[in-house]
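Build the full structure now, drawing on both the sequences and the hints.
For reference, the chains in residue letters:
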Amino acid sequence: MVKTKHIKLKSKGETDIINITSEVENAVGGAKLKNGTVTVFVSGATGGLTTVEYEPGLVSDLKMAFEKLAPRDGKYAHNERWHDGNGFSHVRASLLGPSITVPFSSGKLTLGTWQQIIFIDFDNRPRTRDIVLQIIGE
Amino acid sequence: MVKTKHIKLKSKGETDIINITSEVENAVGGAKLKNGTVTVFVSGATGGLTTVEYEPGLVSDLKMAFEKLAPRDGKYAHNERWHDGNGFSHVRASLLGPSITVPFSSGKLTLGTWQQIIFIDFDNRPRTRDIVLQIIGE
Amino acid sequence: MVKTKHIKLKSKGETDIINITSEVENAVGGAKLKNGTVTVFVSGATGGLTTVEYEPGLVSDLKMAFEKLAPRDGKYAHNERWHDGNGFSHVRASLLGPSITVPFSSGKLTLGTWQQIIFIDFDNRPRTRDIVLQIIGE
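Chains as they are written, first to last, in the numbering used here: chain A, 286 to 423; chain B, 286 to 423; chain C, 286 to 423.
Hint data in this document are derived by calculation from the structure and do not stem from the laboratory. Don't take every hint at face value.
It does not matter which identical chain is used: a pair holds within one copy or between any two.
Said to hold, decoys possible - Capping the alpha-carbon separation at 30 Å, the derived lysine-lysine pairs in DSSO-like fashion look like this: (1) K353 with K295; (2) K293 with K348; (3) K317 with K353; (4) K353 with K393; (5) K295 with K317; (6) K348 with K290; (7) K319 with K290; (8) K360 with K293; (9) K297 with K319; (10) K360 with K288; (11) K393 with K293; (12) K353 with K290.
This one's a predicted model, so the numbers in the text were calculated from it and none came from an experiment.
Pasting the structure below:
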């Protein structure tokens, strides 16, 4: 069985790190499936998904790590062509990846106690985002 | 229902970035499934998968980002042991990861308008590649 | 059909890189499914999954790459708040990601000949780990 849900959210951009765990949990709970996986996927090339212990220290540390990986004010051929200034956003998003897949058992995500699902908006402006949850199971 | 397809391609190596979106779309369309996910996986330890807005600026920016992450001419214990000179290829591939999973709804991938699926060949020589598409849905 | 298996292991932490390919192969073989995917997921925010050619040179090279990406003795807001000294572990784990999804055909993983599945424990102390294998197929 496949069930599709969506999370719509407004993000501030600039490596905005948003905890979407409870939205994913609710979607999986509402799907009335016992065991399976949920694939969490962002439609759009400047967002990414991963997990983290969601606390302000690590939110700040992750931002620093991405700044080091692809500096905001670095030189990007994308910016020279398109002049939208978000070359860094694209590079960060491609390196992190647009999706994660999380198992669930007895209707519950198999996350660790201190492990949350985050969506990161790397774009350089506020965005309205559509995150697709594809729930496959039985 | 599970359907397996393959993309065979020739790549030039040296962080060759290849847009495989239409091949994946065609495979998913041909599978005659409505809703589900496609897992795109490279068999081989020197390739990787992600998404990007596929335009020449970002193709060049991504190459630069990988060169920074694991420099081609850096010092690698792999090279000292095996003398094949592709230590950088392996490190880049492991950091990016060998697969992505993309949902589809009504037979169409849920990609954003400017978001393409890319295969990156990090090896230091041309390769013939087998990319597996595992399509699961109903 | 969905089958859930677990790999329990003891890791040493400090970017301990463990080859779990044969455990995953055995679980998939034992599931008696022909075609599908296995999602390998670590419950916990300081571990990650990817593939590599598992040989001592690359194990060492990957450790170096992660040390460059998020240095052990760097400055982390997480450490200043919680004093557990594993800010670097969290950042490395979030960048790599907590899961990979690997297809199987005729009961066999579609890995390349020199491609192994690895679990990396980034924490700064030994841990007992629970890795979830969610096998979906037919």
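Violations among the numbered hints, reported as their numbers in ascending order: 3, 4, 8, 9, 10, 12
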